[in-house]
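Asks: In case it helps, the numbering used here puts the sequence shown at residues 127 to 244.
Some clues are possibly wrong.
What the hints assert, rightly or not - Derived lysine-lysine pairs resembling BS3-like cross-links, with alpha carbons at most 30 angstroms apart:
no.	residue 1	residue 2
1	Lys172	Lys229
2	Lys136	Lys229
3	Lys172	Lys154
4	Lys164	Lys151
5	Lys211	Lys189
In short, the hints are calculated from the structure, not lab data.
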Amino acid sequence: MVQLSTYEWKIMDLIWDQEPQTITKLTKALKEETGWSKYTVITYLKRLEAKGAVHYKEGERAKLYYADITRTDAQLQEIDSFLDKVFSGKLGLMINTMIKEEKLSDSEIDELLNMLKK
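Use the sequences and the hints to build the structure in full.
Replies: Here it is, written out as structure tokens:
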């Protein structure tokens with residue numbers, strides 16, 4: 127399982143949106159929002175490599191970074207981790223809380239009911 131930090135998600139989103147990515151492209155895309163230097167981006171890329179989330183190939187002028195995990199797989203792992211941490215497998219508690227706090231729309235409740243019927 128690959129757990130991504132908030133900042134690692136920012137980098138992964140860019141890689142998922144357009145592969146491959148270079149350090150220069152990532153730094154430019156993140157500069158305004160984060161203020162990160164290329165060295166910060168390199169640090170996060172090294173962490174992502176160690177986690178098995180990305181790999182690179184040597185390009186003509188720069189390393190080309192590719193995702194080793196899909197966005198969907200990362201999202202599912204994040205959801206599983208959240209549910210385990212917060213609800214300890216008590217899915218009913220989560221759904222009940224969401225309904226009481228009006229966090230689910232009527233259409234989302236209907237969707238849940240249809241899933242349960244299946």
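Asks: Of the hints given before, which are not true for this structure?
Replies: 1 and 5
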